[in-house]
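Assemble the whole structure, with the sequences as input and the hints as a guide.
Each chain is listed here by its residues.
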Amino acid sequence: MKKFFSGFQQSTNDLSILTYLLAIVLSSLIFNDPVIIVMIFLSLLLVTIYTKKNNSRNYLKFTLVIFVTTIIFNLIINQRGAEIIFQLPMLKVTTESLLNACILAFSFVNLLLAFHIYDALTNVKIIFDLLSRNLRNIAIIFILTIKFIPKIIEIFNDTKFLYKFRSSKKENRLTKQLNLLEIVLNKSIANFMNMSDVLTTKGYGKKGTRRHFKCNTSDYLLMIISFLTIIFDVVMIVSKIGKVNFGSSNVQIIFDKNILVGLINVFLIIMPILIGGFQYLWWKWYISKISVSDMPTVKNFR
Amino acid sequence: MVHFKNFSFRYANSEKLSLDNINLTINKGDFLLLIGKTGSGKSTLLKQLKANLVVGKSTKGTIELNIEDENISYLSQFVDNQMITECARDEFNFILENMNYSDNQRHMRIAEVASYFGIIDLLDLTENELSGGQKQLINLAAALITDPDILLLDEPTSQLDPIAAEKLLQMVHKINTELNVTVILVEHSLERNTFYANRMAIIENGAIILDLKVDLALKSIFHDNFYQNYLSQIDRSYLELKLGDVTLPLNNRQFSKILNDNSNEIVYKKRSSKQISKQEVLKIKNLSFRFDFESKKIIDKISFTLNKGHSYCLVGPNGVGKSTLIRVISQQLLQRSGSIKLDSKSVKNNPDLFKKIFVLPQNPALLFVSDTVFGEIKFQLQQSQTITNSQVDEVLKQYGILKLKNISPYDLSGGQQEFLALVIGLIKNPEILFLDEPTKGLDPNKILKLDDLLNEYLRNGGIVFANSHDLVFATKFDYMSMMFDGKLNDFQVPTEFFKDKFFYTTEINKASRDSFPDALVWNDLRNK
Numbered sequence: 001m002k003k004f005f006s007g008f009q010q011s012t013n014d015l016s017i018l019t020y021l022l023a024i025v026l027s028s029l030i031f032n033d034p035v036i037i038v039m040i041f042l043s044l045l046l047v048t049i050y051t052k053k054n055n056s057r058n059y060l061k062f063t064l065v066i067f068v069t070t071i072i073f074n075l076i077i078n079q080r081g082a083e084i085i086f087q088l089p090m091l092k093v094t095t096e097s098l099l100n101a102c103i104l105a106f107s108f109v110n111l112l113l114a115f116h117i118y119d120a121l122t123n124v125k126i127i128f129d130l131l132s133r134n135l136r137n138i139a140i141i142f143i144l145t146i147k148f149i150p151k152i153i154e155i156f157n158d159t160k161f162l163y164k165f166r167s168s169k170k171e172n173r174l175t176k177q178l179n180l181l182e183i184v185l186n187k188s189i190a191n192f193m194n195m196s197d198v199l200t201t202k203g204y205g206k207k208g209t210r211r212h213f214k215c216n217t218s219d220y221l222l223m224i225i226s227f228l229t230i231i232f233d234v235v236m237i238v239s240k241i242g243k244v245n246f247g248s249s250n251v252q253i254i255f256d257k258n259i260l261v262g263l264i265n266v267f268l269i270i271m272p273i274l275i276g277g278f279q280y281l282w283w284k285w286y287i288s289k290i291s292v293s294d295m296p297t298v299k300n301f302r
Numbered sequence: 001m002v003h004f005k006n007f008s009f010r011y012a013n014s015e016k017l018s019l020d021n022i023n024l025t026i027n028k029g030d031f032l033l034l035i036g037k038t039g040s041g042k043s044t045l046l047k048q049l050k051a052n053l054v055v056g057k058s059t060k061g062t063i064e065l066n067i068e069d070e071n072i073s074y075l076s077q078f079v080d081n082q083m084i085t086e087c088a089r090d091e092f093n094f095i096l097e098n099m100n101y102s103d104n105q106r107h108m109r110i111a112e113v114a115s116y117f118g119i120i121d122l123l124d125l126t127e128n129e130l131s132g133g134q135k136q137l138i139n140l141a142a143a144l145i146t147d148p149d150i151l152l153l154d155e156p157t158s159q160l161d162p163i164a165a166e167k168l169l170q171m172v173h174k175i176n177t178e179l180n181v182t183v184i185l186v187e188h189s190l191e192r193n194t195f196y197a198n199r200m201a202i203i204e205n206g207a208i209i210l211d212l213k214v215d216l217a218l219k220s221i222f223h224d225n226f227y228q229n230y231l232s233q234i235d236r237s238y239l240e241l242k243l244g245d246v247t248l249p250l251n252n253r254q255f256s257k258i259l260n261d262n263s264n265e266i267v268y269k270k271r272s273s274k275q276i277s278k279q280e281v282l283k284i285k286n287l288s289f290r291f292d293f294e295s296k297k298i299i300d301k302i303s304f305t306l307n308k309g310h311s312y313c314l315v316g317p318n319g320v321g322k323s324t325l326i327r328v329i330s331q332q333l334l335q336r337s338g339s340i341k342l343d344s345k346s347v348k349n350n351p352d353l354f355k356k357i358f359v360l361p362q363n364p365a366l367l368f369v370s371d372t373v374f375g376e377i378k379f380q381l382q383q384s385q386t387i388t389n390s391q392v393d394e395v396l397k398q399y400g401i402l403k404l405k406n407i408s409p410y411d412l413s414g415g416q417q418e419f420l421a422l423v424i425g426l427i428k429n430p431e432i433l434f435l436d437e438p439t440k441g442l443d444p445n446k447i448l449k450l451d452d453l454l455n456e457y458l459r460n461g462g463i464v465f466a467n468s469h470d471l472v473f474a475t476k477f478d479y480m481s482m483m484f485d486g487k488l489n490d491f492q493v494p495t496e497f498f499k500d501k502f503f504y505t506t507e508i509n510k511a512s513r514d515s516f517p518d519a520l521v522w523n524d525l526r527n528k
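Quick note, the sequences are listed as chains A and B, same order.
The numbering used here applies: residue 1 is where the first sequence begins, and numbers increase by one.
The numbering used here applies: residue 1 is where the second sequence begins, and numbers increase by one.
Treat the hints with caution; some may be incorrect.
[Stated by the list, open to error] Keeping only pairs whose Cα atoms sit at most 30 Å apart, straight-line, the calculated BS3-like set for lysine-lysine is: (1) A:Lys-151 x B:Lys-428; (2) B:Lys-296 x A:Lys-170; (3) A:Lys-169 x B:Lys-297; (4) B:Lys-308 x A:Lys-169; (5) B:Lys-428 x A:Lys-170; (6) B:Lys-213 x A:Lys-160; (7) A:Lys-164 x B:Lys-50; (8) B:Lys-308 x A:Lys-151; (9) B:Lys-296 x A:Lys-147; (10) B:Lys-297 x A:Lys-61; (11) B:Lys-16 x A:Lys-160; (12) B:Lys-296 x A:Lys-151.
Think of the hints as simulated: they come from the structure by calculation, not from any bench.
Just so we're clear, the structure is a prediction, and the values are computed from it rather than from any experiment.
What follows is the structure, given as structure tokens:
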């Protein structure tokens, strides 16, 4: 998997990856047909493992908690349906309510996984570049937000902890919290000024050049498939395919055209694996064989 | 190249002049070392050359500057949060795109800079994966990627360990000599820097009071009781011992030869040993910590005891876990195993911990809670007694910070913030003071003042536990230890600790190890 992923990263540029990410976020957002969302879930899970980052395990744990919480919460608030599975005082679990809960939970989880893949594949610079082409002010807000949200959280946690060493008096919890917020705000402003200095020293604000992306076959392939899938998905939604009457008591699992919709989206989502796999096999079976070399590294690789 | 002519400047939020009638000329290829006490206006003067960095107005005079703003680069003392993007490659691209470089030019420039600085392997690492020294090297490379004519450096080594600091300064020297880039380096100490500069200036209360060639400047400040403390340990020792009139600065080899030639006239003044206290206050046993399950242990089965009335200092390179150890002891991070007992009670969920200890973090601004320095002191005093405004003024006067009373703590210079945070800690008078890099940004006289304050606190039964890169400051502690790979050596008295150190020791010790192996600082050597 590592080699596949490396092959994918080496053969695609930031622009095509961004198009792909846009397409998968859209796929996870717009459908709620149970068959499609489960197919999307499985493929997103596969790609999440494929693009594994250091914090993947914690993220997957967090995703599992969201999944279970959403199911329980939805089972409590939506108890519609006639086919009762079991009943407790104040709680009636029916096939329909369970299906509704699962649809919502999988939809949430799909979105979380899509953003995890987005986080693993993209970087701040590329988003900033794209935004700064026409929306320079928004680009600067974006970059400051990206830098500042974690910074403010860090300042808040540190300040809250260090305050204990300074204050020995008992304070009303609400007053203490308000004081703390004011202190953190003051510190954040000081930090913000420092970041503004950094931007100045790096020449931000001058009329710079636009970055040009050089695309190869893999990029064109990924972009074309992503665009076509976006168009396909929008057409399907307009034609009311891939949508169920969520929340109602007549929601059910049907195998129909939705299988095709699911398969096309699965194909899109696993594109990084297909491209990476193709690149790796192409190298393994063709390029490494024709590049004659006695270098130990080359020999070992073969 | 740059000419300050009767230049005065005032910050927008201040009524006081920060620069007063400055006259200074800087020529092409100069390496100017600018020193001054904490808050004297060093950084303000430096930032005048990068106009967007200062908010205020010139009240008198002019700056004649015959180069464009984009040909002046600035490197701040802050090592962290200097990268806008995720990795060095993106950062370089970001700067070059802003400066209108084409694809081809960007590619070539990044290749050149990465090779010159030896950072090819670091180009794609994120900020979290880089050490302090590597981050500052990348920041320096970013400052130079646009081929500037002037490089402005604002205490660039203040957050680095001695070895990383030396490497960075050598790189700056290389840039100055090989590329003829004009360098203006603001520092609060003369250790290491004087070898690379050709001129030295002193700024005091916003005015230039000395501007000479390095040799003359060093000899001149030796006769000034205040600025002689700025001299490097080697130069100070040489001048104090009156061993001749060679050109300064002296390197260790030259000083070692002079010492050997004059060893009959010099004696080593033995340090007085302190009586060992047996009163245990903090006991740490088999303490271990790691950030993630899969990561290596940053603290690995550490055990030690802190006794009443003693001071302890930890040294070691950046990123070995010195700060993490303080955070674990103070329970900001929870240990994975081992025990920490304060006055024989575990610190876990022990509310007394916060009353009995005080932590000065690496970023002292995190401690501040008020809008003014007066407010900070008042808040701390109010924790133990009812206090009047005149009593607060008395305390401010006692610590020499009365002039700063109405200033926001966030508007203070790095050194002033550090000192204010230390004063807050001393006012609290805890059982143990934990200090993370307490000399960061402090000028040598402020460090001496700090030393006096800490000694008084120790005499009253307090305990000081500090991390420091400043090896001269570390010699003033009762015990020292080195941290590396999560392990801690046994605490030893400084003379014992440095005896077998070859690289990680003071400059005096390196230079005098043949003739006076126990000497660590300039005043360990005296004339007979």
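Structure-based check of each hint:
1. A:Lys-151 x B:Lys-428: holds, 28 Å
2. B:Lys-296 x A:Lys-170: Violated, because 39 Å separates the two Cα atoms, which is more than 30 Å.
3. A:Lys-169 x B:Lys-297: violated, 37 Å
4. B:Lys-308 x A:Lys-169: Distance of about 26 Å is within 30 Å: holds.
5. B:Lys-428 x A:Lys-170: Distance ~16 Å between Lys-428 (chain B) and Lys-170 (chain A) Cα, so the pair holds.
6. B:Lys-213 x A:Lys-160: Since the Cα atoms of Lys-213 (chain B) and Lys-160 (chain A) sit roughly 49 Å apart, the hinted pair is violated (cutoff 30 Å).
7. A:Lys-164 x B:Lys-50: Since the Cα atoms of Lys-164 (chain A) and Lys-50 (chain B) sit roughly 40 Å apart, the hinted pair is violated (cutoff 30 Å).
8. B:Lys-308 x A:Lys-151: Measuring from Cα to Cα gives roughly 37 Å; hence the hint is violated.
9. B:Lys-296 x A:Lys-147: Given pair Lys-296 (chain B), Lys-147 (chain A) holds - Cα atoms ~27 Å apart, limit 30 Å.
10. B:Lys-297 x A:Lys-61: holds, 23 Å
11. B:Lys-16 x A:Lys-160: Outside the cut-off at roughly 34 Å; violated.
12. B:Lys-296 x A:Lys-151: Judged against 30 Å, a Cα distance of about 25 Å means the pair holds.
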